[in-house]
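**Student:** If you want the building blocks of each chain, they are given just below.
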Amino acid sequence: MNNNEAKEILSAYRPGGGDAADPIFREALEQARRDPELDAWFKAEREHDAAFARAIQSLPVPRDGKQSLLALARVEPRHKRSFRPTWSVAIAAGILLALGLAFFSIPLSQHEYESVLQQEEIGVAGLHTLANAMEPLDFYGESILELRGWLAGRGAPAPASLPAQFATLNSIGCRVFSSETGPTFSLLCLEKDGELVHLFVTEEATGAALAIADRTWLTHDDWNAYCWSDNEHTYVLMSRAPREQLETLVI
Amino acid sequence: MPADSEFNDLVSAWYDPLYRFAISLAKDPEDAQDLTQTTFLKWARKGDALRDRSKAKTWLFSVLYREFLDHVRRARRYSDDELEADRLPATDSADAERVIDGRTAVAALDQLDKRFRAPLVLFYLESHSYQEIAEILDIPIGTVMSRLRRAKDRLRAILETDAKSNEPIPFPRKEAQS
Numbered sequence: 001m002n003n004n005e006a007k008e009i010l011s012a013y014r015p016g017g018g019d020a021a022d023p024i025f026r027e028a029l030e031q032a033r034r035d036p037e038l039d040a041w042f043k044a045e046r047e048h049d050a051a052f053a054r055a056i057q058s059l060p061v062p063r064d065g066k067q068s069l070l071a072l073a074r075v076e077p078r079h080k081r082s083f084r085p086t087w088s089v090a091i092a093a094g095i096l097l098a099l100g101l102a103f104f105s106i107p108l109s110q111h112e113y114e115s116v117l118q119q120e121e122i123g124v125a126g127l128h129t130l131a132n133a134m135e136p137l138d139f140y141g142e143s144i145l146e147l148r149g150w151l152a153g154r155g156a157p158a159p160a161s162l163p164a165q166f167a168t169l170n171s172i173g174c175r176v177f178s179s180e181t182g183p184t185f186s187l188l189c190l191e192k193d194g195e196l197v198h199l200f201v202t203e204e205a206t207g208a209a210l211a212i213a214d215r216t217w218l219t220h221d222d223w224n225a226y227c228w229s230d231n232e233h234t235y236v237l238m239s240r241a242p243r244e245q246l247e248t249l250v251i
Numbered sequence: 001m002p003a004d005s006e007f008n009d010l011v012s013a014w015y016d017p018l019y020r021f022a023i024s025l026a027k028d029p030e031d032a033q034d035l036t037q038t039t040f041l042k043w044a045r046k047g048d049a050l051r052d053r054s055k056a057k058t059w060l061f062s063v064l065y066r067e068f069l070d071h072v073r074r075a076r077r078y079s080d081d082e083l084e085a086d087r088l089p090a091t092d093s094a095d096a097e098r099v100i101d102g103r104t105a106v107a108a109l110d111q112l113d114k115r116f117r118a119p120l121v122l123f124y125l126e127s128h129s130y131q132e133i134a135e136i137l138d139i140p141i142g143t144v145m146s147r148l149r150r151a152k153d154r155l156r157a158i159l160e161t162d163a164k165s166n167e168p169i170p171f172p173r174k175e176a177q178s
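From first to last, the protein sequence lines stand for chains A and B.
So for the first sequence, the numbering used here puts the first residue at 1; every next one is plus one.
So for the second sequence, the numbering used here puts the first residue at 1; every next one is plus one.
Don't read these hints as lab results, they were simulated from the structure.
One thing to keep in mind: the hints can contain errors.
Below, in silico cross-link-like pairs of lysine to any residue (SDA-like), each with a Cα-Cα straight-line distance of 20 Å or less [to be verified]:
1) B/Lys42 x A/Phe139
2) B/Lys152 x A/Ala55
3) A/Lys7 x B/Lys42
4) A/Lys192 x A/Arg154
5) B/Lys152 x A/Gln57
6) A/Lys7 x B/Ser146
Derived contacts from chain A toward chain B, CB cut-off under 8 Å, selection only [claimed, not checked]:
7) Ala12
8) Gly18
9) Ala55
10) Ile56
11) Gly65
12) Lys66
13) Gly149
14) Thr181
15) Lys192
16) Ile251
Using C-beta positions, here's what the derived DEER-type ranges look like [what the hints assert, rightly or not]:
17) A/Ala125 x B/Asp113: 52 to 60 Å
18) B/Asp138 x A/Ala213: 46 to 54 Å
19) B/Asp162 x A/Gly18: 43 to 51 Å
20) A/Gly18 x B/Arg73: 16 to 24 Å
21) A/Ala21 x B/Pro140: 41 to 49 Å
22) B/Asp70 x A/Asn2: 39 to 47 Å
23) B/Glu30 x A/Glu180: 23 to 31 Å
24) A/Arg243 x B/Asp162: 52 to 60 Å
25) A/Arg154 x B/Arg66: 38 to 46 Å
26) B/Asp162 x A/Ala44: 13 to 21 Å
27) A/Gly18 x B/Glu30: 28 to 36 Å
28) A/Ala164 x B/Arg74: 48 to 56 Å
Predicted model only: the values in this text are computed from it and were never measured.
Ideal Cβ placement from N, Cα and C applies to all residues, glycine included.
Just chain A, same shape as in the assembly (with noise of 0.2 Å):
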């Protein structure tokens, strides 16, 4: 092995000494004990790549992105994970008829909830009217981190971040609302305590035509509604629960 051929190894010998204990490396680091040139090069080489990966190594890493990844996978399956599809749109369903809501819950037609995202603002009452007739949902998850990338993986607007209080919530499921010409709004089917918790999410764009005041609670029916946005997305919650136990949510 001549220096050049030790050199193109070395270059390979990670600073904090992790490779010390790896063959390819022996002969090489030998030599470089033998002969001076190629001591003095190693030495300045390692003294390089020390700073170097203390530079990269301090780069800083915005908390959020982890804790919202960790808030969402925090949001425990109710019941034990199973490999058969099957069992969780019987789980789903279960909560459903939990609730009292299977029954009520009204197929909307295609061309039915395409005239309500075909307003020219969509109000609470459009929204009400999508949540109130949510069955057939397009996929039933156990967590929204699943929800999450089920919506990703289509294309479909998915939450980016969530307020770290979601993680308490359990999920049932989400069903994708879109047409033609109008907006599309994702919207996840969540639960606590027994009531339905519905998280619309749609892109941050689309959230400019809807007509909720943003950080504003309101009321339809018996239905409490609240808006945000971040910088993709605009999410509104909508839910029968009462408004004190839906703010510690978004808080």
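Given the coordinates of chain A, work out where chain B should sit on it, guided by the hints.
**Tutor:** Positioned in the frame of chain A, the structure of chain B alone reads:
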């Protein structure tokens, strides 16, 4: 989806290194965060298919790298972007010195071709052996070594040039009147 505890463990262990890999490649903090989140979401959906769980780390970095290449193909904008150092996340004053170091590093890496940038960042994250870098980037081991060597030579030259260009311009002295 893989067990939640495993997912939590992976996020806790690898979110930061993955994000640092992402920002070294993509430069933009939002793009880096998207790449990192997308990587974990892919794990949530497909990680079950990985039989050898000890390969989870390599799987995550490999997915992030492929996602980045897809982004580049779709957007064709990363290579034309100048580093927007101001967009790097602000940190508290205690981190200020480290931020400058990180920015210098990212700015220097930005001047490298991405064929050299990716193995170099993986190397400097120190979590990966050269075999794992080869696996992540899907290139032969010999290529990893030669790219590291060339990338480091080039990086050192870039840093030296940048350091020289940042040296203060000497104030012209008046010759002492005799």
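**Student:** Next step is simple, just say for each hint if it's right about the structure.
**Tutor:** Hint check results:
1. B/Lys42 x A/Phe139: Distance ~17 Å between B/Lys42 and A/Phe139 Cα, so the pair holds.
2. B/Lys152 x A/Ala55: Satisfied, since the Cα-Cα distance of roughly 15 Å is no more than 20 Å.
3. A/Lys7 x B/Lys42: violated (38 Å)
4. A/Lys192 x A/Arg154: violated (27 Å)
5. B/Lys152 x A/Gln57: Holds: B/Lys152 and A/Gln57 sit about 17 Å apart, inside 20 Å.
6. A/Lys7 x B/Ser146: holds (10 Å)
7. Ala12: holds (4 Å)
8. Gly18: holds (6 Å)
9. Ala55: Cβ of A/Ala55 sits 4 Å from chain B, so the hint holds.
10. Ile56: Cβ of A/Ile56 sits 4 Å from chain B, so the hint holds.
11. Gly65: holds (5 Å)
12. Lys66: Holds: closest Cβ of chain B sits about 4 Å from A/Lys66, inside 8 Å.
13. Gly149: holds (4 Å)
14. Thr181: Status violated, d = 25 Å.
15. Lys192: violated (18 Å)
16. Ile251: Violated: closest Cβ of chain B sits about 23 Å from A/Ile251, beyond 8 Å.
17. A/Ala125 x B/Asp113: 52 to 60 Å: holds (56 Å)
18. B/Asp138 x A/Ala213: 46 to 54 Å: holds (51 Å)
19. B/Asp162 x A/Gly18: 43 to 51 Å: violated (28 Å)
20. A/Gly18 x B/Arg73: 16 to 24 Å: violated (33 Å)
21. A/Ala21 x B/Pro140: 41 to 49 Å: Violated - the Cβ-Cβ distance for A/Ala21 and B/Pro140, about 22 Å, lies outside 41 to 49 Å.
22. B/Asp70 x A/Asn2: 39 to 47 Å: holds (41 Å)
23. B/Glu30 x A/Glu180: 23 to 31 Å: For B/Glu30 and A/Glu180 the Cβ distance comes to about 30 Å; the hint holds.
24. A/Arg243 x B/Asp162: 52 to 60 Å: holds (56 Å)
25. A/Arg154 x B/Arg66: 38 to 46 Å: violated (20 Å)
26. B/Asp162 x A/Ala44: 13 to 21 Å: Roughly 18 Å apart at Cβ, these two residues keep to the hinted range, so it holds.
27. A/Gly18 x B/Glu30: 28 to 36 Å: holds (32 Å)
28. A/Ala164 x B/Arg74: 48 to 56 Å: violated (32 Å)
When the structure is compared with the earlier hints, violations turn up for hints 3, 4, 14, 15, 16, 19, 20, 21, 25, 28 and for no others.
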